[in-house]
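Student: Work the whole structure out from these sequences, hints included.
There are 2 protein chains.
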Amino acid sequence: MANGEHSLIAKVMNRISQKITSGSLNQGTKLPSIRSMARTIQVSVSTVTEAYERLAAQGIIRSRPGSGYYVAISTPLLSLAESSPKLDREVDPMWISRQSMEAGKDVLKPGCGWLPASWMPEAGIRRALRELSRADSASLVDYASPLGSLPLRQILARRLIEREITVSAEQIILTESGTQAIDLLCRFLVKAGDTVLVDDPCYFNFHALLRAHRVNVVAVPFTPTGPDLELFAKAISDHSPRMYITNSAIHNPTGAVMSPNTAHRLLKLAEQAEMTIIEDDIFADFEREPVPRLAAYSALGRVTHISSFSKTLSASVRCGYIAVRQDWVEGLTDLKIATSFGGSRLSAELVLTLLTDGTYRKHMDGLRARLSRSMIEATAKLEELHIKPWVEPKAGMFLWCQLPHGIQAADVARVALADGIVLAPGNAFSLTQSAGSFMRFNVAQMSDERLFRSLAKALEVCS
Amino acid sequence: MANGEHSLIAKVMNRISQKITSGSLNQGTKLPSIRSMARTIQVSVSTVTEAYERLAAQGIIRSRPGSGYYVAISTPLLSLAESSPKLDREVDPMWISRQSMEAGKDVLKPGCGWLPASWMPEAGIRRALRELSRADSASLVDYASPLGSLPLRQILARRLIEREITVSAEQIILTESGTQAIDLLCRFLVKAGDTVLVDDPCYFNFHALLRAHRVNVVAVPFTPTGPDLELFAKAISDHSPRMYITNSAIHNPTGAVMSPNTAHRLLKLAEQAEMTIIEDDIFADFEREPVPRLAAYSALGRVTHISSFSKTLSASVRCGYIAVRQDWVEGLTDLKIATSFGGSRLSAELVLTLLTDGTYRKHMDGLRARLSRSMIEATAKLEELHIKPWVEPKAGMFLWCQLPHGIQAADVARVALADGIVLAPGNAFSLTQSAGSFMRFNVAQMSDERLFRSLAKALEVCS
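Keeping their order, the protein sequence lines are chains A and B.
Counting along the first sequence from 1, when you hit position 202 you're at 202 in my numbering, and nothing is skipped either side.
Counting along the second sequence from 1, when you hit position 317 you're at 317 in my numbering, and nothing is skipped either side.
Among the hints, erroneous ones may be present.
[Unchecked claim] Within a straight-line C-alpha distance of at most 16 Å, the following computed EDC-like cross-link-like pairs (lysine to aspartate or glutamate) qualify:
#, chain 1, residue 1, chain 2, residue 2
1, B, K105, A, D136
2, A, K19, B, E384
3, A, K11, B, E287
4, B, K19, A, D327
5, B, K11, A, E170
6, B, K19, A, E170
7, B, K19, A, E330
8, B, K11, A, D327
[Stated by the list, open to error] Sample of chain B residues facing chain A (criterion: CB under 8 Å; computed from the structure):
#, residue
9, A72
10, R126
11, L132
[Stated by the list, open to error] Covered stretches of chain A (in silico footprint by chain B; criterion: 3 or more residues with CB under 8 Å from a CB of chain B, positions within the stretch not fixed):
#, segment
12, 139 to 151
13, 311 to 319
Keep in mind the hints are simulated off the structure, nothing from the lab.
For every residue, glycine included, the Cβ atom is placed at its ideal position computed from N, Cα and C.
Tutor: Right under this line is the structure:
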């Protein structure tokens with residue numbers, strides 16, 4: 001069969017499959033006859049016949065002799081979309097991240113969780129790539145070592161020690177991303193049916209990631225100084241969780257910082273309950289005055305510390321890491337090899353160059369200043385619209401705001417989306433759906449005046 | 001506390017932790033007193049005190065008041081090493097891959113599963129990196145789109161169509177590696193306790209990967225034309241498996257090719273049993289005369305096709321992909337985002353360049369010729385030692401050989417390792433440990449005469 005014919009058949013198959021997955025063709029629905037389909041989409045009868053037969057072979061459609069073809073999708077075992085609470089597209093976290101990833105240049109993304117490309121150290125990355133083009137051949141073509149680049153791990157250890165986290169390079173495992181770091185720890189520490197605690201609100205991908213592990217997720221209300229400890233203690237006695245995932249400094253989405261007293265009491269609870277705390281610290285370098293981390297209080301005992309460079313250097317260069325108690329390194333590394341056969345040596349080399357040639361330090365100094373200016377401007381403009389910050393973040397890009405009385409964030413998001421603006425309504429971050437009147441803003445994505453005009457309009461429409 | 005002091009404490013902690021994980025300090029063993037430890041390793045008493053206290057806080061050691069400190073490791077939930085059959089280090093697959101990844105320049109690796117760095121298209125990669133340093137900023141700093149680079153997926157689709165696999169770019173999901181591709185499919189299709197079929201022998205990382213998913217792995221004996229279909233049918237009726245993972249062309253470790261008849265009957269069995277076949281085709285481009293793939297017979301129905309460029313272009317640039325039925329794309333992509341928040345855009349750009357600028361095609365033409373020469377040479381040299389190929393591979397780098405009568409591959413591997421040679425004894429690939437007299441050789445890693453001298457010696461010692 002000619003390639004052209006092959007791809008034509010594939011096109012027809014996709015046209016039908018997509019209608020099925022999008023829901024516009026439901027299970028049991030009868031498909032148009034082969035002839036009428038061939039007419040409608042202007043292809044030969046033989047092409048449609050072949051397409052129908054292959055879709056039938058795939059179990060996507062079924063043929064009833066003498067009657068025609070009918071939709072019959074077989075569903076897989078695990079579908080996050082199905083296992084998640086049914087949400088409108090506009091407030092479905094999965095969809096928000098995918099929208100933000102796919103959004104074109106003209107779309108505004110105050111709801112997305114990262115910085116604009118123009119804020120990243122582009123020149124430094126270009127320089128690092130040119131340097132990499134002269135690296136030794138092993139760096140270019142060989143597998144990374146199981147833990148990943150030693151020089152990079154040594155630098156990361158030094159950086160953590162500066163934050164009072166006692167660690168050595170042998171306790172650091174490089175990963176592809178912060179997400180992969182948490183995923184590995186979940187594989188290592190929990191099994192289906194276990195309970196894991198998260199904050200309410202928290203980074204929405206924690207919900208999706210934990211659903212992928214089929215664990216029971218329990219959300220503990222978050223206060224401006226950290227999780228509500230009375231409810232945290234109650235969650236422990238009610239569910240005996242194995243794990244708690246949080247950001248201890250620059251919390252996503254609230255921008256709040258955990259107080260030393262909360263941290264201390266939280267650790268005592270975790271120790272009594274023999275549960276592990278995963279401290280996701282990917283926003284660490286945005287901080288202006290560092291506060292002690294949970295990992296510093298516990299010396300990587302009950303606490304495992306993870307981070308990455310996706311928010312600070314590049315999301316295209318994937319590089320994260322786990323800082324963990326020594327006796328877990330071996331097992332976690334086996335898991336990393338088994339499930340990914342090691343990380344990207346190239347990405348690690350690139351990050352190493354940017355950390356050692358001064359690019360990173362200079363870039364972050366500028367970024368912190370720029371973010372604090374944007375934070376002030378965005379806060380002022382939002383307050384003109386009576387959108388009030390829940391806390392005044394000390395640093396970072398996130399502003400967690402309450403909308404004027406009675407207005408639902410999901411409604412506002414829907415209206416704004418029509419104007420090509422992707423917002424992040426509060427319930428996307430709330431397992432209990434109790435943040436309906438909140439919205440997470442990214443102050444680095446709010447320079448365009450269109451946003452505020454559209455917001456003003458949306459608030460009016462929705463009030 | 002000074003940073004120097006911090007890192008000194010960490011050093012002491014590691015020294016002890018490593019002794020514990022390596023097994024030289026067992027659970028319950030009493031540690032040296034703080035003073036004697038301080039003397040032995042030449043650090044201050046306060047440093048050792050601090051290190052002991054932190055190890056105690058980590059639950060790695062326990063203090064018994066008035067008696068001293070004792071080893072008390074807490075084990076995690078999932079440890080692949082523990083869940084795998086107890087093997088000597090020399091035949092432990094996990095260990096072989098890690099050895100091969102860590103091995104220094106002077107070590108010979110005829111047991112490893114990839115090509116020497118000098119065989120990879122180094123110049124092309126350097127050129128591609130320089131080109132990438134001039135790419136648009138989005139490619140350098142932004143997240144990839146959920147499915148990954150469309151231009152790359154379009155090229156991959158065309159390449160698959162050339163192999164008679166009917167697919168469109170919308171059915172291709174980019175991943176970090178072939179391993180991550182299979183891992184995603186396992187998450188999507190199986191749950192703990194399900195049964196998955198593999199070949200006996202098969203690529204050893206399948207065992208580790210499947211253990212990480214806590215599934216029941218059943219191995220079906222592999223013949224020179226594919227799996228033994230009678231035993232395959234029996235395994236289906238005995239275990240009603242959900243999935244089967246194999247390489248249909250250039251099988252690892254045997255180098256055998258599945259016959260069309262076996263493929264056809266295998267697919268019928270899979271369709272009756274409603275099980276999914278994962279076709280891992282990472283050695284596809286080594287083939288000299290392409291044979292039809294399972295994915296071509298089934299039009300991506302019962303069969304999901306995965307591959308990567310780790311074996312052909314670079315293992316440092318991580319880029320693999322899944323070609324899958326349209327109605328699974330959405331769910332798999334959600335899982336990919338949830339567990340890794342997308343792949344490396346940079347790696348995809350790099351692979352795209354190498355596929356489009358002609359580097360890849362030229363490189364593979366040369367590689368195929370070079371491999372067939374090496375295959376002939378290695379076969380001849382091994383036969384001088386009465387080491388006989390099980391089949392004569394049509395292509396690829398692997399030679400699955402039977403050792404002279406009565407000689408155990410594990411013993412030979414142990415002797416060779418003393419000479420700095422990492423071999424891959426048969427049982428590393430055999431779930432049932434029934435390949436004790438076989439050895440997998442990588443003909444691309446056998447140019448050094450030391451290997452054959454050492455092999456000759458080892459055979460003599462072990463016979």
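Student: Now tell me, hint by hint, if it's right for this structure.
Tutor: Each hint tested on the structure:
no. : hint               : result
1   : B:K105 with A:D136 : 13 Å, holds
2   : A:K19 with B:E384  : 62 Å, violated
3   : A:K11 with B:E287  : 28 Å, violated
4   : B:K19 with A:D327  : 10 Å, holds
5   : B:K11 with A:E170  : 10 Å, holds
6   : B:K19 with A:E170  : 13 Å, holds
7   : B:K19 with A:E330  : 13 Å, holds
8   : B:K11 with A:D327  : 14 Å, holds
9   : A72                : 10 Å, violated
10  : R126               : 5 Å, holds
11  : L132               : 5 Å, holds
12  : 139 to 151         : holds (count 8)
13  : 311 to 319         : holds (count 6)
This entry does not satisfy hints 2, 3 and 9, going by the numbered hints stated previously.
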